[in-house]
Amino acid sequence: MKIKTAEEKPEEKILEAALEVVIEKTICGTRMHLIAGRAGMVQSNLHYYYKTKNDLMLALQRKVLKRCLEIRERLKIDAKDSLEDQLGVFIKQKLEFIVREQEYDFAEIDFWVQGHINPEIQTAFASSFEGWRREIGEMLDKYAPDLPEQKREYLPYLIVSALEGASMQYLIDKGRFDVEEYFKFCKDIIIKAMKE
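Quick note, the sequence shown lines up with residues -16 to 179 if you use the working numbering.
Errors might be hidden in some of the hints.
Simulated pairs of lysine-lysine, BS3-like, Cα-Cα distance not exceeding 30 Å [as the list claims (entries may be wrong)]:
| id | residue 1 | residue 2 |
| --- | --- | --- |
| 1 | K34 | K(-8) |
| 2 | K175 | K(-8) |
| 3 | K34 | K49 |
| 4 | K59 | K170 |
| 5 | K75 | K63 |
| 6 | K125 | K175 |
| 7 | K125 | K167 |
| 8 | K8 | K46 |
| 9 | K63 | K8 |
| 10 | K63 | K(-8) |
| 11 | K175 | K46 |
| 12 | K167 | K75 |
What the hints contain is simulated information worked out from the structure, not anything from laboratory work.
This structure is a prediction, so every number in the text was calculated from the model and none was measured.
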């Protein structure tokens, strides 16, 4: 008996189809029949795995977050045990999303928008941001343990804002700035702010 790989699992096929449809139609314009058609199944089969569109969108949101974490874990393997390299892990992960895996970044932005009208998506999105800030805070505690309390509190918010802000600006106006240079500049500013 052949064991199914992740790519062959119906749930993964559905989530890939959902991501494609969300990129084309946005979350508001996404319909279950469009996802079913893209996944090559009938809508009743889709409902076997995800009872509602909201259930499917929450699963897709988890998939986007999982992809962020996978990239970050891969980047940590080669990162040196230093503040600059560990900060670079977060920057490189966001850069990879923006440049190589834009579909995830577009979906992430759409989830942010949906969070204004859907409390479940808002809660899940807020939780993912909290996890991001917590991970950055842990990095700061390890590599900059003497940070003043206010800097320690606000730097995770600042870093997340700089990363997410790059996504929104770059994806809407790609030719406007060099995103790699932007991130180098951000990294320099963040490290300088920590030392002042």
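Hints versus structure:
Of the supplied pair hints, the one linking K34 and K(-8) holds, its CA atoms being roughly 17 Å apart against a limit of 30 Å. Distance check on the hinted pair: K175 and K(-8) sit about 47 Å apart at the alpha-carbon level, beyond 30 Å; violated. Of the pairs offered as hints, the one joining K34 and K49 holds, with about 22 Å between alpha carbons and a cut-off of 30 Å not exceeded. With a C-alpha separation of about 17 Å, the suggested pairing of K59 with K170 holds against the 30 Å cut-off.
For a cut-off of 30 Å, the pair hint linking K75 to K63 stands: about 14 Å separates their Cα positions. Using a Cα cut-off of 30 Å, the hinted pair K125 and K175 holds, with the two alpha carbons roughly 17 Å apart. Distance restraint check for K125 and K167: the Cα-Cα separation of roughly 22 Å lies within the 30 Å cut-off, and the hinted pair is therefore satisfied. With a C-alpha separation of about 18 Å, the suggested pairing of K8 with K46 holds against the 30 Å cut-off.
The straight-line distance between the Cα atoms of K63 and K8 is roughly 41 Å, outside the 30 Å bound, and the hint therefore fails. Distance restraint check for K63 and K(-8): the Cα-Cα separation of roughly 36 Å exceeds the 30 Å cut-off, and the hinted pair is therefore not satisfied. The hinted pair formed by K175 and K46 fails the criterion: a straight-line CA distance of about 34 Å is larger than 30 Å. Between K167 and K75, the direct Cα distance comes to roughly 10 Å. Compliance with the 30 Å bound is thereby established for this hinted pair.
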